[in-house]
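K.L.:
Work out the full structure, taking the sequences as your base and the hints as a guide.
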Amino acid sequence: MELKAARERIGRRRWRPWHFVLFAFTALVLLFLMAPLVVVFPISLSSSSYLQFPPPGWSLRWYQQFFNDSTWIDATVRSIKVAAATTVLATVMGTALSFSLVRGRYPGKEFFNQVSMMPLIIPTIIYSIAVYGWFGQLKLIGLWQGIVLGHTVLAIPYVVIIMAAALRTFDIAQEHAAMSLGASRARAIWYVTLPQIRPSLISAAFLAFISSFDELVVAMFLGGSNMTLPKKMFDNIINEIDPTIAAVSVMQVVLVTVVLIVVSKLGSGAVPAER
Amino acid sequence: MRAMASLDAGTLEVVGVTRRFGTVTAVAGVDLTVRRGEMLTLLGPSGSGKTTLLKIVAGFETPDEGAVRIDGRDITMAPPAKRDIGMVFQNYALFPHMTVAENVAFPLAMRRVPREERERRVREALKLVDLPTHGDRLPRQLSGGQQQRVALARAIVFDPQLLLLDEPFGALDRQLREQMQLEVRRLQQRLELTALFVTHDQEEALVMSDRIAVMEQGRIAQLGSPEEIYRSPASRFVAGFIGESNLYRARPIGDGVVELEGGLRIPLPPRLIGSGHGDLGLMLRPERVRSLGPGDTADIAFDGAIEEVVYLGETIKYRIKSDDGQISVLARWPLHEVGRILSPGHRVRVGWRSADMHSFPWS
Amino acid sequence: MSTPTTIPIERPTSLPGGRLWRRHRDALSSLAVAGPALLFLLVFYLIPVVMLLAQSVEGEALVHYRKALTDGLYVRVLLDTLLIAAWVSLLCLVLAYPVAYTLSILPPTWSAVGIAFILLPFWTSVLVRTYGWMVLLGRNGLINRMLTDLGWIDAPLPLLNNMIGVLIGMTHVLLPYMVFPLYAVMRRIDPNLLAAARGLGASGWHVFLRVYLPLTLPGVLAGTTLVFVLAIGFFITPALLGGGKVHMMAVLIEQQVRMFLNWGFAAALSAVLLGATLLTYVGLRRLLRGNMQWS
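Chains as they are written, first to last, in my numbering: chain A, 1 to 275; chain B, 1001 to 1363; chain C, 2001 to 2295.
Don't take each hint at face value.
[Stated by the list, open to error] Covered stretches of chain A, as calculated for chain C (at least 3 residues, CB under 8 Å): (1) 18-32; (2) 67-80; (3) 102-114; (4) 151-158; (5) 253-261.
[What the hints assert, rightly or not] Mimicking SDA-like on lysine to any residue, the simulated pairs with C-alpha atoms at most 20 Å apart in a straight line are: (6) B:Lys1082 x A:Leu60; (7) A:Lys265 x C:Trp2110; (8) B:Lys1317 x B:Arg1349; (9) A:Lys139 x C:Met2051; (10) A:Lys139 x C:Pro2108; (11) B:Lys1082 x A:Ser184; (12) B:Lys1082 x B:Ala1109; (13) B:Lys1082 x A:Ile189; (14) A:Lys265 x C:Ser2029; (15) B:Lys1317 x B:Trp1362; (16) B:Lys1321 x B:Glu1308; (17) B:Lys1082 x A:Lys265; (18) B:Lys1082 x C:Phe2040; (19) A:Lys109 x C:Arg2025; (20) B:Lys1321 x B:Leu1342; (21) A:Lys109 x C:Phe2040; (22) A:Lys265 x C:Pro2108; (23) B:Lys1082 x A:Asn239; (24) A:Lys265 x C:Val2113; (25) A:Lys109 x B:Phe1021; (26) A:Lys109 x C:Val2113; (27) A:Lys109 x B:Glu1244; (28) A:Lys109 x C:Met2051; (29) A:Lys109 x C:Val2033; (30) B:Lys1082 x B:Arg1112; (31) B:Lys1321 x B:Glu1244; (32) C:Lys2245 x A:Asn239; (33) B:Lys1321 x B:Gly1345; (34) A:Lys265 x C:Ala2112; (35) B:Lys1082 x C:Ser2029; (36) A:Lys109 x C:Ser2029; (37) C:Lys2245 x A:Ser184; (38) B:Lys1317 x B:Asp1356; (39) A:Lys139 x C:Asp2071; (40) A:Lys139 x C:Phe2044.
Treat the hints as calculated values from the structure; they're not laboratory data. All values reported here derive from a predicted model rather than from experimental measurement. Virtual Cβ for every residue (Gly too), placed ideally from N, Cα, C.
P.N.:
Right, here's the structure in full:
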């Protein structure tokens, strides 16, 4: 609280010249960050099949191309299916794991903590070929369920980070109070804790969904000829077929914007804090 | 509800309870009985084990040895939910996502009390704590004192056999705290609820309790009524913890005389010297030090000058040092008796009766 | 008010086994709750990775490792990977530090806008962002077109399918990972400390160098660790923006598996990459812990 008051006092500061240099620099960097997102918009509306600046004319044909092409639609549906299943699995298991890591007292807890973070640290390419090799032997390549397994593993750390943070700041005295009033620990968690960490639960679920929906490398190896959306996009880019990919990109950016707005209203903890 | 409470309120027995954390013994073989309808306070500094003991009674900790019983029923191993104990927490621990009424109804809902009965009892409980119209509010809309009362209502609405209070007034300002102390005490007496109260504030303990258990390093240093503890502390620790006092180390040198550390020798009645041979602790409350006029006599007296003056409003504290430097004493004199505030250097003759002193073994 | 309640008071029962069981019961139920996730990670993560790494050692011969660590071609790739990661980390730091600082001193509405501009790319798929860069950096891309139209250059700059493109792309993707830890640390710095330093006579530059910078060091290290560790494992961006000329470990590994089916060698390369990652992660974390956390 004192920090906030101090910051507020300083907030009403006088701006000096070098501040404006700072602001200009920041604006440029933010421009840098937004540039690729913005540039796909005009390309997606270009009437030309080639990359041309400025576009010779405007047209919606690439959007039509996307919706008319069953391979694009199939890939999208598959991605949604995989992401939905991943979200359910990762959120449920990850939340349970968070409870255990934050509340539990047992030997090896610190080790399990590190283990649950490993998928974030180890490069995805290594995991991808590892699971590709194994699933290949098990004849699981090409099945969307296989991709779900791979994506869930990658999503669990995200869920744990968000939910563990939420649980750590949650006042456990409330659970104790509920227990002293006649609730078993499970009921205390259900009636008292979960309703209050719901925003974090929502954020964790969204994060799991997006991480699976956007994921390329694992899906590339495990999907075989049954592609997910990122894989189809990747192929499209490599083969430079046409700017349909730009239309897909625009739709993705719009989707992310919408999701961000929804999450900022409903969720919490979506901004990764210092790790 | 009143009628039921006195039938339901139980006797709490703590028998030989010990709890260790690694090499630290938090609670060491504590025996305690809280009688039906009595408010007993566990008083002690942090680390004394009072909170751990409370957690053991509540069920959030399991003792390594010993047992906890209510009305003879052993609950040592029972989970908190099954102990029929109401508890008020330090930060109230109200459920912020539920209304006041839902908070108070929670224990009844957990016990599957039918809705009508539930609502009736919630209304009564809220009336008891003087918040009859606040049922629909959310906890964050209430003041600290009001939240405190909701927590209390929630803890008693289901007629528990025992009420536990874990330093519940810490977050309140002084005036509110004193008001709440009296309110809670009144409520407890009215409902004839057996209660166990934990605090580190000795004034609070003196106000709230039927009996006080002063705890030091996991053991009960003294168990008695507030008056007993205040007048006759059993050890140096208790004497230093309760109230402000003059404490002197005294060595018996025979013939009913003891020598204080500064060299001063004073006579003491046999009952104070006792039969032991070790050093004694002598305690004298500052209120008992008298300013002696020309014709006054006292068992122990000396001439001296005022060293320090501390203004407390109607009462002034004076530190008086004897002329020969052998002893200094803290006195508390009401302003209206002395007539004015004396200044440092003022010469005075002070004394007190032996009967006003209290002794205990020094170590 | 006089009707007695009919709430049965449950007689608490002693649990079987006594107090030792009760205390360990809590620990066991905690473990059980974690069970599904841990088992899942064990079966679907640890086991495949271990199986892969096992393939790198073919019948006790470390032939693959010798190739990976001594053959000039592959050593180059490893060094390039580390070098690129280092460059990217540096670029990210240089860009992110002022931005994070600006965000930390702006009033709330402005900083929220700034953060939104960082969150949006952060949450957008890497593919989309990389494609955007291809559009921007290509010979006929936006940047080259603009510069040519303005007359600043005669021939298009080679910004794509080379190291420059990869550096730009990776910096773009990893910049938010540097901004967030820095921002988090900077927000927590007590302005009173800076005011105190000023009051004691320090000039603006000295206040920055001697007070502010050291206080932000934990954030710098955290962000750098994160960016570096992520960078050495990067696949998508170098694959698309490198044009086959920028060889990073991840791209190499993918080639070995997809094109050459060289599982043993790919496994050895993976082990080397993993080793580099873990070493960096552990090493930088140790540095971070050794560095005093003042807040």
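K.L.:
Mind listing which of the numbered hints don't hold for this structure, in increasing order?
P.N.:
Structure breaks hints 2, 6, 10, 14, 15, 17, 18, 23, 26, 27, 28, 37, 39.
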